[in-house]
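*Asks:* First to last, the sequence lines map onto chains A and B. Numbering follows our numbering, in which position 110 of the first sequence is assigned residue number 110; successive positions increment by one, without gaps. Numbering follows our numbering, in which position 211 of the second sequence is assigned residue number 211; successive positions increment by one, without gaps.
What the hints contain is simulated information worked out from the structure, not anything from laboratory work. This structure is a prediction, so every number in the text was calculated from the model and none was measured. We put the beta carbon where it would ideally sit given N, CA and C, even for glycine. One should not assume that every hint holds.
[Claimed, not checked] Below, a sample of chain A positions facing chain B; criterion: calculated Cβ distance under 8 Å:
{"hint": "1", "residue": "Lys64"}
{"hint": "2", "residue": "Phe130"}
{"hint": "3", "residue": "Gln150"}
{"hint": "4", "residue": "Leu151"}
{"hint": "5", "residue": "Val158"}
{"hint": "6", "residue": "Cys211"}
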Amino acid sequence: MTRAARSASFLARSDPRLKVLILVLWSFLLALLETPKAALVGLGGSSLIYALSGPKQFFKDLTKLLAINAFLLFIWLLLPFSFSTPGTAIQRLGPLVVTQEGLDLSILLSLKALAITLGAMAITRASSVFELLAGAKGLGAPEKLLAIFQLMTRYISVIGQQYARLRQAMRVRGFQGRSDLRSLRAYANLAGYMLVGGLDRAERIHAAMICRGYNGRFWFRGDFKIKPLDLGFVCLILALGLGVTFLDD
Amino acid sequence: MTIESLIKLKGLVYSYPGRAAVLNGVDFELGSEGLVGLIGPNGCGKTTLLKIIMGLLKPQAGLVTILGQDCLEEKHFRPLRPKMGFVFQDANDQLFCPTVADDLAFGPLNLGASRQEADRIAQEVLDKLGLSDFGPRVTYDLSGGEKKLVALGTALALNPRLLILDEPTNFLDLEAVARLEAILLELRLPGIIVSHDRGFLAKMTQKSYCLEKGRLTEA
Ligand SMILES: Nc1ncnc2c1ncn2[C@@H]1O[C@H](COP(=O)(O)OP(=O)(O)OP(=O)(O)O)[C@@H](O)[C@H]1O
Ligand SMILES: [Mg+2]
Chain A
1 MTRAARSASF
11 LARSDPRLKV
21 LILVLWSFLL
31 ALLETPKAAL
41 VGLGGSSLIY
51 ALSGPKQFFK
61 DLTKLLAINA
71 FLLFIWLLLP
81 FSFSTPGTAI
91 QRLGPLVVTQ
101 EGLDLSILLS
111 LKALAITLGA
121 MAITRASSVF
131 ELLAGAKGLG
141 APEKLLAIFQ
151 LMTRYISVIG
161 QQYARLRQAM
171 RVRGFQGRSD
181 LRSLRAYANL
191 AGYMLVGGLD
201 RAERIHAAMI
211 CRGYNGRFWF
221 RGDFKIKPLD
231 LGFVCLILAL
241 GLGVTFLDD
Chain B
1 MTIESLIKLK
11 GLVYSYPGRA
21 AVLNGVDFEL
31 GSEGLVGLIG
41 PNGCGKTTLL
51 KIIMGLLKPQ
61 AGLVTILGQD
71 CLEEKHFRPL
81 RPKMGFVFQD
91 ANDQLFCPTV
101 ADDLAFGPLN
111 LGASRQEADR
121 IAQEVLDKLG
131 LSDFGPRVTY
141 DLSGGEKKLV
151 ALGTALALNP
161 RLLILDEPTN
171 FLDLEAVARL
181 EAILLELRLP
191 GIIVSHDRGF
201 LAKMTQKSYC
211 LEKGRLTEA
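Kindly generate the complete structure, drawing on both the sequences and the hints.
*Replies:* Structural data, given as structure tokens:
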């Protein structure tokens with residue numbers, strides 16, 4: 001339902017090459033930040049990019065963002081305490097001691113992780129896979145790598161469907177997963193079938209490509225022109241990038 | 001004008017490694033009879049025969065001649081394959097590009113067309129299939145029947161001289177079968193159709209062959 005509206009957004013209409021470039025550079029820049037202050041501004045910057053990515057589903061996107069960052073939980077369970085990050089004690093929680101250094105580090109890592117994933121999410125939600133592939137091609141990325149990526153995105157769903165079909169076939173014949181040898185053997189068969197099936201499919205796809213004159217080229221689109229809108233995007237990112245870099249010193 | 005045989009098979013023998021022979025002395029000739037049907041029970045080797053014609057499998061004995069060219073090795077088949085529009089049994093194997101337009105353009109680009117030409121051909125094919133606005137559609141969103149039609153489109157985009165169709169009516173509803181029939185009648189391309197759908201074959205072909213126990217007979 002939002003696809004049309006999304007494709008009209010600022011981010012969706014900007015040059016795919018630019019989006020790929022910015023996705024990479026912005027993520028790197030954020031990853032290199034060393035102060036929580038700069039990271040916070042970085043998170044603000046990513047939010048701004050997100051704001052430009054068309055209609056939002058805040059709750060859904062927030063859940064996605066937190067799910068991707070679930071590993072932060074472990075950071076907060078370990079890093080703030082003196083046993084992993086020694087330093088000035090600021091708070092005592094039973095036998096555990098919270099240190100200033102540990103707290104700072106946890107905050108920094110969390111902010112950076114959120115900022116990077118939010119930025120990446122914003123850019124990818126406003127573009128299709130093939131657009132990003134074409135953008136990467138326009139930037140001179142090797143076609144082989146892109147081909148692997150393209151085939152992966154194309155066939156993950158096919159393989160997923162096949163898996164679902166096999167699982168259903170097992171279930172309609174009364175299979176229930178238990179932790180006994182028979183179930184394990186059934187799972188092993190399933191895995192083996194998926195593996196062999198995948199190999200066979202790869203061969204068939206290759207055959208189909210040969211039948212259409214495939215000679216090593218994948219023909220990604222890569223002809224784009226920079227528009228005024230793109231310059232706006234560049235300026236925005238430059239301002240954000242310089243801002244966080246200066247703040248970080 | 002000499003009547004050229006489009007496809008000629010002589011004494012084909014094929015067996016998959018460690019198995020009994022699937023094809024055991026198959027002779028066949030496609031001249032001016034247009035589309036012909038190929039029927040036979042499941043597992044009798046129909047798909048195998050088509051793959052040998054396309055040069056995807058190498059027979060242990062026998063000779064394949066396509067458009068007058070004796071095909072002994074890969075290099076003989078390579079320039080001929082795009083002239084034989086081959087539609088696979090499973091459309092998922094044939095459509096590997098992210099969008100329908102990209103997939104249709106792939107063949108023409110391989111044959112040396114420019115980007116604009118390829119895009120134009122893709123659109124023409126879509127119009128012909130009655131799927132005019134399908135270009136930007138993402139391949140994995142298509143229904144089974146739509147995929148099958150687009151797969152036929154990828155073959156048509158090559159502007160082939162022959163069609164080799166492996167069970168083209170699978171997954172198609174009645175309306176789509178009717179559309180396919182109309183398209184094939186309009187194209188008037190010669191070739192081979194494998195199908196279990198007798199009604200469809202009766203409408204599309206004058207002549208059918210039956211493959212059974214490794215041998216091909218006129219049905
Ligand atoms: N890659 C393979 N390796 C070994 N045996 C195979 C292979 N592919 C097919 N066969 C066997 O060869 C025989 C012929 O298979 P083929 O796919 O040509 O049959 P078909 O006539 O197309 O059947 P269907 O009507 O089910 O599509 C079958 O017995 C099959 O099990
Ligand atoms: Mg078959």
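*Asks:* Quick one, is the A:Val158 hint okay against chain B at 8 Å, beta carbons?
*Replies:* Constraint on A:Val158 satisfied, holds at 5 Å.
*Asks:* Could you check if A:Lys64 really has its C-beta closer than 8 Å to a C-beta on chain B?
*Replies:* violated, 20 Å
*Asks:* With a cut-off of 8 Å, does the beta carbon of A:Phe130 approach a beta carbon of chain B closely enough for the hint to hold?
*Replies:* holds, 4 Å
*Asks:* Holds or violated: A:Gln150 as interface residue toward chain B, Cβ cutoff 8 Å?
*Replies:* holds, 6 Å
*Asks:* Less than 8 Å between beta-carbons is the criterion; does A:Leu151 satisfy it with respect to chain B?
*Replies:* holds, 6 Å
*Asks:* Given a cut of 8 Å on the nearest C-beta pair, is the interface hint for A:Cys211 held or broken against chain B?
*Replies:* holds, 5 Å
Hint check: a violation occurs at hint 1 only; the rest are consistent with the structure.
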